[in-house]
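So you can see what is in the structure, the chains are spelled out below.
There are 2 protein chains.
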Amino acid sequence: MITGKNYIGNQLSAKGATTHKTVNPKLNKENPTAFFQATSEEVNDAVELADQAFKVYRNISGKQRADFLNAIADEILALDNELTDMYMSESGLPEGRAQGERGRTVGQLRAFADLILTENWRSNTIDEAIPTRQPFPKSDIRKTSIPLGPVVVFAASNFPLAFSTAGGDTASALASGCPVIVKSHAMHSGTGELVASAIIKAAEKTGMPNGVFSNITGSGRVVGTALVKHPKVKAVGFTGSIAGGRALYNLAAEREEPIPVFAEMGSINPVVVMPNVIKNKAEETAVTYASSITLGTGQFCTNPGLLLTIAGEKTDDFVKDLAEKTVAIAPQCMLHPNIKDGFVSNGEIVTSQPGVEIVGKVEGNIEPNFAESTIAAVSGSDFLANPKMHTEVFGPFSLVVKAKDQGELVEVIDSLEGQLTGTVLAEKEDFTNLPTIADALQSKVGRIIFNGVPTGVEVCESMTHGGPYPASSDSRFTAVGLGAIKRWIRPFSYQDWPVELLPEGLK
Amino acid sequence: MITGKNYIGNQLSAKGATTHKTVNPKLNKENPTAFFQATSEEVNDAVELADQAFKVYRNISGKQRADFLNAIADEILALDNELTDMYMSESGLPEGRAQGERGRTVGQLRAFADLILTENWRSNTIDEAIPTRQPFPKSDIRKTSIPLGPVVVFAASNFPLAFSTAGGDTASALASGCPVIVKSHAMHSGTGELVASAIIKAAEKTGMPNGVFSNITGSGRVVGTALVKHPKVKAVGFTGSIAGGRALYNLAAEREEPIPVFAEMGSINPVVVMPNVIKNKAEETAVTYASSITLGTGQFCTNPGLLLTIAGEKTDDFVKDLAEKTVAIAPQCMLHPNIKDGFVSNGEIVTSQPGVEIVGKVEGNIEPNFAESTIAAVSGSDFLANPKMHTEVFGPFSLVVKAKDQGELVEVIDSLEGQLTGTVLAEKEDFTNLPTIADALQSKVGRIIFNGVPTGVEVCESMTHGGPYPASSDSRFTAVGLGAIKRWIRPFSYQDWPVELLPEGLK
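Protein sequence lines, in the order shown, are assigned to chains L and H.
Under our numbering, the first residue of the first sequence is numbered 537, with each subsequent residue one higher.
Under our numbering, the first residue of the second sequence is numbered 537, with each subsequent residue one higher.
You can trust all of the hints, since none of them are fake.
No copy labels: a pair is met if it fits in one copy or bridges any two.
Calculated lysine to aspartate or glutamate pairs in the EDC-like style (CA-CA distance at most 16 angstroms, straight line): (1) Lys964 with Glu1036; (2) Lys1022 with Asp1010; (3) Lys591 with Glu947.
It should be emphasised that the hints constitute simulated quantities derived from the structure, not laboratory data.
Using the sequences and the hints given, assemble the complete structure.
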């Protein structure tokens, strides 16, 4: 049962008068529960509790933190259909996706729990003393990693579980020893409250200090701004729009003590389709990409929004086929009316630019929050002349650029902003041209993919989900995979420290 | 022979009309050479050359970059007395220090050269494919680290060699594959030009691309501002004042594409002197600390500016003895008249606060740019009431806080801003109280030292030279030690990439 209240530490709290409701996009009507926006007093209480909890939480063993993470996973699973029903009612996403995303969320929590069972994740190093060194003796110096302090996590709209209340940011921050305050997403506050209740149950069962987790709701910018400006908050995680992420980055940079903001923002994920693929594998490529472009109604940060090709008759045929196959896939519901509005208006920005042709678009009457999948095309020279075509159209939309030759195709890559991913589809005969293309992509992206699709982000050690701005605000870190824990820690050295007083992993 | 010109890549250049001269602080008069401030055209040319050089430099082998770094070290040594004489004439520092710092500089270059001979520094990881995994096959994903792009390094005033033109920032950035543009320090532009000439010679001898290094001069903020705002600059390294570092941080955060600034700024480096040390080892501690406080005329970022004690008769005796021993050390020259002015005015800010007593201060006539070493003292309660006492007095100055008990001593630590180091001097009988003190220090510093002095920063894997703001602008990184290379790189993943096209370290 959800209450519409905030969790300030372990306590449900609703001191304010401002409320909001979530929307069922499939039914295009509001869900019943009113969610109470946290007051400034509640925000402050949550941060003060987190700061107090930090003093205890950072010093407990990795085994205890791992038990906490595993207990969160258990409590999420125990919510069973109550959670998946709520998820579907607030997102318009189907049951299979709800179950899959729950599996990913639970899997991430358990992966971070496994990671912290040993101290290896701290990258501990030991330089032993050399008392006889000339001209000065060398001290014994040992380095470890320690958590930064209370972390604020902004839940993402497009992953109500896996990048939300108990998603990758929360799991990695809790694993590192940082308390977490989640700013719940206003579009799925019910899902958020259910997951928060699971985290609080897990915290109580495993004896975690009160304040290790809070869940704050609010539909505007007031609550998020107050959280990021609070002096006792030490880092921020965010997944969402460039405008939202940049606003938080600016707030954090303007503080008396600036703090790191890890914002994973916009990306149109260029896909280079080499000529021999269009020659040899046009149809299977069109099938694969029609599916990737419409997967999850295109609402993935790694959705392929830009296809780069060399112009020609076969390319025209390929684009027509891709458009037909994309349009033939039944339209699906988007997350929320706001997301649908953005899809329509950003799509219009791109398709109204000179030289852009709509090759295929879902026509006719569809449900209000469902998406008209669209494939558009433009020449390389028109694209190069007009940065408005770089606009991200969040949803099932892809713009195909037809460059006149490989030189112009590389120019198109060079003209792009930072991206999460770059993909190359190539046959053996294309290999001689790949190093130049890979080199150009490397300057722009965090991950390159060969003969695959950018959608689907594996949670593993070698994953990089981040890239040059504005794909993320700090390309030196990843938001997905075990490396995500590095965002919340700093190096710390002990010099000549008595062995009996060193932490376990440094003895 | 120095020319007063900029190096724009391999070319000496002096297109502007604005010049400045350096000062010999011992003689208190200007040195002869006029240095030409770079014009905006020269700044732009240096960045454009660096951007072009990056395309080549990032792809050459580690062995080639190591040869370049070792050649820089060789060319610096080949400058012989010309360099150390110039160093002394621009810094007032003695010959032994000049030679020692040259040794450190050369050692750092060679240490980074050794580091990049293998690909281990990239923290490469491989997750192999699992084609049979259900419900989806797992891709082959491999992660490496790649350089960010052109880096601007601001030379530090207090280390004309080791944190300057070819210092730790430059060595680590060049090692990572980033071209470097140094903003030379206006107080030691001659030393900077000599070292720059060595780097350019080394670049030419080892076949590096033109633009891999430039050396830009200028005495105000114009040149530095232009460099940090240039869209093709991708990261900044800085060592200096809080005001200077914060100004650069703000400029970088306000860019359309924000870039990381690693600024190592202010620190007063608290030293906790436990009661049993004052009881058992008062005199030897006073000898050690009088020496540490005055070392290099106190002009180290790790200088012990704040001693924390528990009040008592023995403590009073210790402070008097420390003051006598400090004052007895012959006054030494400071780096520059501006540094001397700052030492005097910041010293007056601290000593003029209510409750602060000057226990000992060098009196009488001394040379104009020499420093009056000072030991002051204040009660814990007066210190807690007045944040002006946290002011860094850059030079041979230390404020002793006499807390009424251990609780108040921990409160004093809790009241501090971020610091580079924290030191604890303790006897076995003090050990039961150490965990509380270490815990308080851990929240505030990057390195804790037991029964030693904070001055002296070892270049090794386990060193952390950085700390919470304002000790540094990003506590997640270190400015000294091999870890410093991590400031200039980002993770990059290859998914299902053909083995023959992978870089060496990932095959």
